Amino acid sequence: MTYLRLGMYGLYVILGATIIARLLAAGAHWRLLVSGVVLGLLLVLLGGYRIALFLRHRSGGLPR
Amino acid sequence: MPEKKKPELRRSVTPWGSFAWGYSDVGADIFVGLGLVLGAAAGASNVAFLFAGVVYVCIGLAYTELAATYPVAGGGQYFVMRGLGDIFGFIAGWAVLLDFTIDITLFAWACVDYLSQLLPALNTTANPWPHFIVALALVLGLLSLNIIGVRESTAFNGVVSALDIVSETTILTLGFLFAFRPEILIHTMQTSWPSSNDLMLGISLAIVSFVGLESISQAAQETQRPASVIPRTSVALILTILIFALSYSNLALGMQPWHPIPLDAHGHTQALWHWLGNGDNNGKAVALLAQQVPYFGAVAAFYVPVLGAILLLISSNSGVFGSSRIAYAMSSAKLLPSAFQRVHPKFRTPMVSLVAFVGVSVIELFFAALPSLDPAASALYARWFNGESGLGFLADLYAFGAATSYSFVFIALVALRLFDPLSPRKFKMPFNIPVTVRGERAEFPLVAVVGFAGIFAILLFTLKTHPIGRIAGPAWLVVGIIIYLLYRRNKRLPILGSQRHDWRTQQAEILRNAGELELMDEYLANLKASDERRAQAAAAP
Numbered sequence: 187m188t189y190l191r192l193g194m195y196g197l198y199v200i201l202g203a204t205i206i207a208r209l210l211a212a213g214a215h216w217r218l219l220v221s222g223v224v225l226g227l228l229l230v231l232l233g234g235y236r237i238a239l240f241l242r243h244r245s246g247g248l249p250r
Numbered sequence: 005m006p007e008k009k010k011p012e013l014r015r016s017v018t019p020w021g022s023f024a025w026g027y028s029d030v031g032a033d034i035f036v037g038l039g040l041v042l043g044a045a046a047g048a049s050n051v052a053f054l055f056a057g058v059v060y061v062c063i064g065l066a067y068t069e070l071a072a073t074y075p076v077a078g079g080g081q082y083f084v085m086r087g088l089g090d091i092f093g094f095i096a097g098w099a100v101l102l103d104f105t106i107d108i109t110l111f112a113w114a115c116v117d118y119l120s121q122l123l124p125a126l127n128t129t130a131n132p133w134p135h136f137i138v139a140l141a142l143v144l145g146l147l148s149l150n151i152i153g154v155r156e157s158t159a160f161n162g163v164v165s166a167l168d169i170v171s172e173t174t175i176l177t178l179g180f181l182f183a184f185r186p187e188i189l190i191h192t193m194q195t196s197w198p199s200s201n202d203l204m205l206g207i208s209l210a211i212v213s214f215v216g217l218e219s220i221s222q223a224a225q226e227t228q229r230p231a232s233v234i235p236r237t238s239v240a241l242i243l244t245i246l247i248f249a250l251s252y253s254n255l256a257l258g259m260q261p262w263h264p265i266p267l268d269a270h271g272h273t274q275a276l277w278h279w280l281g282n283g284d285n286n287g288k289a290v291a292l293l294a295q296q297v298p299y300f301g302a303v304a305a306f307y308v309p310v311l312g313a314i315l316l317l318i319s320s321n322s323g324v325f326g327s328s329r330i331a332y333a334m335s336s337a338k339l340l341p342s343a344f345q346r347v348h349p350k351f352r353t354p355m356v357s358l359v360a361f362v363g364v365s366v367i368e369l370f371f372a373a374l375p376s377l378d379p380a381a382s383a384l385y386a387r388w389f390n391g392e393s394g395l396g397f398l399a400d401l402y403a404f405g406a407a408t409s410y411s412f413v414f415i416a417l418v419a420l421r422l423f424d425p426l427s428p429r430k431f432k433m434p435f436n437i438p439v440t441v442r443g444e445r446a447e448f449p450l451v452a453v454v455g456f457a458g459i460f461a462i463l464l465f466t467l468k469t470h471p472i473g474r475i476a477g478p479a480w481l482v483v484g485i486i487i488y489l490l491y492r493r494n495k496r497l498p499i500l501g502s503q504r505h506d507w508r509t510q511q512a513e514i515l516r517n518a519g520e521l522e523l524m525d526e527y528l529a530n531l532k533a534s535d536e537r538r539a540q541a542a543a544a545p
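Chains as they are written, first to last, in my numbering: chain A, 187 to 250; chain B, 5 to 545.
If you are wondering where the hints come from, they were derived from the structure by calculation, not from laboratory data.
Watch out, some of these pointers could steer you wrong.
To be verified - Under 7 Å between C-beta atoms, here's a sample of chain A residues computed to sit facing chain B:
1) L201
2) I206
3) R208
4) A212
5) H215
6) R217
7) L219
8) S221
9) G222
10) L225
11) L232
All values reported here derive from a predicted model rather than from experimental measurement.
Backbone N, C-alpha and C fix where the C-beta goes; we use that ideal spot for every residue, glycine too.
Could you build the full structure based on these sequences and the hints that come with them?
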């Protein structure tokens, strides 16, 4: 279960980074910045934060 | 003779159960909200979801703080009553009750819409009577389930919530990796940007996709160690729901469909988002979007309608659960007649509240279905209410109830921060300004001000753009206030003022009953220190 959750957080990071990269590659239009890029950043930050938590509490696994 | 113990709701909801109650309620909202928002806000749907999402985060943080500090079943109604007094507590609670009764009907209705994807005989446009009868049967079935008890449904909620999170993550990941085209998103946002009125309508409908956090605080009285559990489950819930809503809206606007989209009524080609937002499809937009995901869509076409229908049914169940618990709490606080706190002798569930508010939801279902069942009623709706559909009628009222109750909750949060600074807060909203009120140090919550401005704007958008919501919503409040005034006069209780409450004793009792003994000790120590400071100040020359 712990690794399933960790896998999902990793997926969030990859997905967020992909969205940001593809949107920026298509042009830095303000409408994209307030919608898609916010989503991408949110995904990267959430996934990164949870993975960092996991690494910090590795001995006890993810906080329940 | 020993004193007879008053029956209480049992504490049977675990941390995951608490998350699942919230997720199954709020998580299902996007299944209904996506199509409605796409239909109204068109190329700005993602912006509408972002605006509503920011407000939702503020609401979520406010509820998390309040539910962890005051873990009682009343939720918003209790917080407002404690912060602003009895009558405002009643108004907030009554607005929440409207939402919960709509919740029951709206999600039972949408559940049948999703089922109709696999069973065309249930299609609301082609076969309105079977659609209505199945939705009614679902509502009545849930009533029976809730009279039997809560534990049976929390375990089921947990399994379905887990399945849904995995499923939605898969759909969105594959959709963004293989079908998302940023140039389509730019094109849609540039060419299909809505009028200001439609954008306001879209934003007010987008808040529908985030309603239901109340269910976590509703479950607080039935959760073990709520002050510790609620912040954890709420924050996880807020982020999960926000990500899903933003993802779906961006994907719907910028997705290259895998299969051809049917022509519109005039024989013209139409964009995916337009097809998802039209009257025939807006009740099952997530299932139709999932079908369009490359490769995986073939599998998703079969299971997403079923999973969506189950999740929506659970959400409808959360409405039954929530309305009965809040009515129970309001009755305990002498805001509603005592009949509403009558507990079933065998199952210990609030039976009278369950029957009464499911009854209200059945009436709402009837009004929502009327235009499709009777052509004469359809003409009436077309003349007076811009021809709103059943789903639109329910969403109108849902947005009104949510915006009203949440507006009061933000004001109550500020009042409680300032006038009850001694209650231990295991979780606090970020960004606070230290202030001193009546000799006590308190913190003024800036996020609550931002949240209030946002939700009040949404309330104004709702009143401006929803033809049924602006009539039926205030009418519901007026009826409730009349009931309240008559009840209070009959019981010789203060009509516009508040009863005397011993909040100190009550707070200590709440924490003890919740099993939060450390917090109770901290609270009692805070009270003692405060009393000593006051005594010293009074004795000083």
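Status of the hints after comparison with the structure:
| no. | hint | verdict |
| --- | --- | --- |
| 1 | L201 | holds, 6 Å |
| 2 | I206 | violated, 10 Å |
| 3 | R208 | holds, 5 Å |
| 4 | A212 | holds, 3 Å |
| 5 | H215 | holds, 6 Å |
| 6 | R217 | holds, 5 Å |
| 7 | L219 | violated, 11 Å |
| 8 | S221 | holds, 4 Å |
| 9 | G222 | holds, 5 Å |
| 10 | L225 | holds, 4 Å |
| 11 | L232 | holds, 6 Å |
In this structure, the earlier hints numbered 2 and 7 are contradicted, and the remaining ones agree with it.
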